[in-house]
Amino acid sequence: MRAALLAALALATLIPVTTSAEEATPAAPERAAIERRAVEAVIWGMPAVNYDLMLQEMLTKTDGEVNQVVYWSKPLT
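Numbering (mature numbering (1 follows the signal peptide of the UniProt record, and there is no 0)), first residue to last: -21 to -1, 1 to 56.
Hints are computed from structural coordinates only; laboratory data are not their basis. Treat the hints with care, since some could be wrong.
[To be verified] Each pair of labels, with its calculated beta carbon distance range:
| id | residue 1 | residue 2 | range |
| --- | --- | --- | --- |
| 1 | P8 | Q47 | 42 to 50 Å |
| 2 | E19 | V49 | 29 to 37 Å |
| 3 | R10 | K40 | 38 to 46 Å |
| 4 | E9 | Y50 | 44 to 52 Å |
| 5 | A6 | L38 | 43 to 51 Å |
As the structure is a computational prediction, the values presented were derived from the model and not from experiment. For glycine and all other residues, C-beta sits at the position ideal for the given N, C-alpha and C.
My request is simple: use the sequences and hints to build the entire structure.
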């Protein structure tokens, strides 16, 4: 899952955004769709990655188990 998120982020940052009307081509809508999907993949993937990281921290640093609620009294470092 993390690899897919990183790949989408890399795709979103490597594709230059066309800003002038001179660069518009018939493939521009398809390219815009790919850019939009990459950005959406990053936005929608961030909560899933954060959840997994918090779960791994809970399992390694506390006595908590899966499906238990853990209260973090301060931010993790």
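Hints versus structure:
| no. | hint | in the structure |
| --- | --- | --- |
| 1 | P8 to Q47: 42 to 50 Å | holds, 48 Å |
| 2 | E19 to V49: 29 to 37 Å | holds, 30 Å |
| 3 | R10 to K40: 38 to 46 Å | holds, 44 Å |
| 4 | E9 to Y50: 44 to 52 Å | holds, 48 Å |
| 5 | A6 to L38: 43 to 51 Å | holds, 46 Å |
Violated hints are absent here; each numbered hint is respected by the structure.
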